[in-house]
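Asks: Let the sequences and hints guide you as you build the complete structure.
Numbering (the numbering used here), first residue to last: 11 to 455.
Any given hint could be a false lead.
[Unchecked claim] With a Cα cut of at most 30 Å, we get these calculated DSS-like pairs of lysine-lysine:
#, residue 1, residue 2
1, Lys60, Lys115
2, Lys397, Lys324
3, Lys401, Lys361
4, Lys164, Lys175
5, Lys324, Lys361
6, Lys59, Lys103
7, Lys383, Lys332
8, Lys383, Lys361
9, Lys164, Lys103
10, Lys164, Lys198
11, Lys171, Lys198
12, Lys450, Lys384
13, Lys175, Lys60
14, Lys114, Lys103
15, Lys114, Lys59
16, Lys384, Lys368
17, Lys384, Lys397
18, Lys332, Lys368
19, Lys324, Lys450
20, Lys397, Lys368
21, Lys60, Lys103
22, Lys114, Lys60
23, Lys103, Lys174
24, Lys115, Lys164
25, Lys332, Lys401
26, Lys450, Lys397
27, Lys324, Lys368
Honestly, the hints are just simulated from the structure, not real lab data. Source: prediction; values computed, not measured.
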Amino acid sequence: MTRFTLLLLKKNDTGARQFHFGSFVLFLILFIVTTACAGLGYLFYDQNKKMISQQQVILEQETMHADLQRRIDMFDGREARIEFLEDYVEELKQNAYTSEITLKKHMALMESSILRISRLHDSMCGILSISCVIEGSDQMQPTKEVDWLHNMQKDFDLMDKALKKFALNRKSFEEQAVTIEELQAQLKQMEQNLAEHVEYIEVNQSTIDRLNRKISKATGISLNRKSSKLKSSKSSKGRGGPSLMDYFTLENNEELKQPGMLRKRLYQETESLDLGVSSLEKLSLAIDKNYLNWRQTPSLIPIRSRLLSDRYGKRRDPFTRKWEFHGGLDFIARNGTPVLAPADGIVRLAKRHYGFGKMVELQHGRGFYPGQKKTVRYRTRYAHLSKILVKRRQRINRGDVIGLVGSTGRSTGPHLHYEILINNRRSDPMLTISRFNSEKRLYVR
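Replies: Okay, structure coming up:
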């Protein structure tokens with residue numbers, strides 16, 4: 011269904027100016043013009059009635075004058091006639107004074123009415139943007155009342171023609187109003203549905219956040235969507251490393267602008283959140299059943315530094331420059347940097363040990379092997395410490411500070427040597443780091 015809109019163009023020095031009028035404004039203008047025409051007709055009728063009344067008063071006065079004249083003729087005496095004439099003259103003066111006051115009141119009322127009509131006329135000409143015969147600066151002159159009223163009538167005729175054109179589309183406006191109301195009702199229903207979907211999504215998101223915190227607390231794994239990568243610079247001291255295991259990634263979607271697509275996306279998000287909640291609940295139950303094993307799995311990076319000087323495997327010894335096997339990761343850090351326990355456990359060794367310098371070894375017990383359901387026995391070592399903060403056989407929780415970074419033993423500078431032993435055999439620490447800390451990146455210098 012088409013929608014009617016009036017477009018008026020008014021030319022000025024700077025170009026053409028557009029005026030748009032909707033159905034409500036057009037009906038308001040029609041009502042104002044009709045009211046003004048009715049007021050103007052009533053004013054002219056009232057003035058005509060008053061003029062007829064004045065003519066009747068004059069006619070009555072003439073009749074009274076003739077009657078008085080006859081009465082004067084009836085008096086024989088001269089003195090009686092003079093007294094009668096004096097009374098008559100006084101009565102005429104009183105009537106003239108009263109008529110003058112009444113005329114002034116009517117003239118003031120007429121001027122006020124003409125002023126209001128002029129203002130209404132100017133306003134209508136401006137709203138309708140039509141070329142009126144009488145301009146805003148024109149005033150009614152006492153000698154040109156008829157011409158002024160004639161021109162005013164012409165202007166109102168132009169306004170009436172313009173408003174009649176608008177009235178022809180009244181039915182279309184009413185149909186459009188009904189359509190708008192129906193669309194508004196549909197929009198309100200859509201907003202209510204979207205609000206319910208958003209509330210449902212927020213509840214599920216809150217559940218997912220709560221399960222994420224619970225799982226992170228139990229396992230030390232931050233459930234993040236990003237994947238970790240081991241980058242290597244082009245420095246002469248750079249060393250390569252093994253490939254890391256891929257982690258689950260989720261691409262960011264662009265904002266959806268179409269309402270239909272938005273509704274589809276909301277349903278998709280709802281289904282995705284339902285699956286996510288279901289998966290996390292199952293994972294949470296599985297973790298609850300194996301809580302001790304998760305607590306004993308070294309999932310935390312033992313230091314805040316992400317810069318490596320040497321990785322696990324063969325390397326050139328910094329002292330002999332020969333190729334030798336390196337059984338752990340060397341994290342570059344400042345002297346005194348805290349070293350954290352990656353899992354719960356018991357301190358097995360806490361002393362100075364040959365080339366390791368001041369060293370701490372933790373025995374964690376049975377934990378999960380990265381990427382598999384089987385459990386293995388874990389031990390971890392931390393060498394070249396400047397200070398040991400734990401004692402032998404002391405129970406340690408994940409995240410506790412066990413020592414400070416230093417350069418004791420066979421070391422070229424402050425760093426942390428980190429080893430993981432799986433079933434009493436040294437293994438690559440990147441197996442657990444890349445699996446359980448997929449959102450964090452390590453860099454090889």
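Asks: Please go over all the hints and tell whether each is borne out by the structure.
Replies: Results of checking the hints against the structure:
1. Lys60 to Lys115: With Cα atoms ~12 Å apart, Lys60 and Lys115 stay inside 30 Å; holds.
2. Lys397 to Lys324: holds (28 Å)
3. Lys401 to Lys361: holds (9 Å)
4. Lys164 to Lys175: Judged against 30 Å, a Cα distance of about 17 Å means the pair holds.
5. Lys324 to Lys361: Roughly 27 Å between the alpha carbons, so the hint for Lys324 and Lys361 holds.
6. Lys59 to Lys103: holds (24 Å)
7. Lys383 to Lys332: violated (39 Å)
8. Lys383 to Lys361: violated (34 Å)
9. Lys164 to Lys103: The hint is violated at about 43 Å.
10. Lys164 to Lys198: With a Cα-Cα distance of about 49 Å, the restraint between Lys164 and Lys198 is violated, given a limit of 30 Å.
11. Lys171 to Lys198: Outside the cut-off at roughly 40 Å; violated.
12. Lys450 to Lys384: OK: Lys450 and Lys384 at ~25 Å, within 30 Å.
13. Lys175 to Lys60: Violated - the C-alpha atoms of Lys60 and Lys175 are around 37 Å apart, more than 30 Å.
14. Lys114 to Lys103: Holds, because 17 Å separates the two Cα atoms, which is no more than 30 Å.
15. Lys114 to Lys59: Answer holds: Lys114 to Lys59 is near 16 Å, not above 30 Å.
16. Lys384 to Lys368: violated (33 Å)
17. Lys384 to Lys397: violated (36 Å)
18. Lys332 to Lys368: holds (25 Å)
19. Lys324 to Lys450: holds (24 Å)
20. Lys397 to Lys368: holds (7 Å)
21. Lys60 to Lys103: holds (21 Å)
22. Lys114 to Lys60: holds (13 Å)
23. Lys103 to Lys174: violated (53 Å)
24. Lys115 to Lys164: holds (29 Å)
25. Lys332 to Lys401: violated (36 Å)
26. Lys450 to Lys397: holds (27 Å)
27. Lys324 to Lys368: Since the Cα atoms of Lys324 and Lys368 sit roughly 24 Å apart, the hinted pair holds (cutoff 30 Å).
Checked against the numbered hints given earlier, this structure breaks hints 7, 8, 9, 10, 11, 13, 16, 17, 23, 25; the rest are met.
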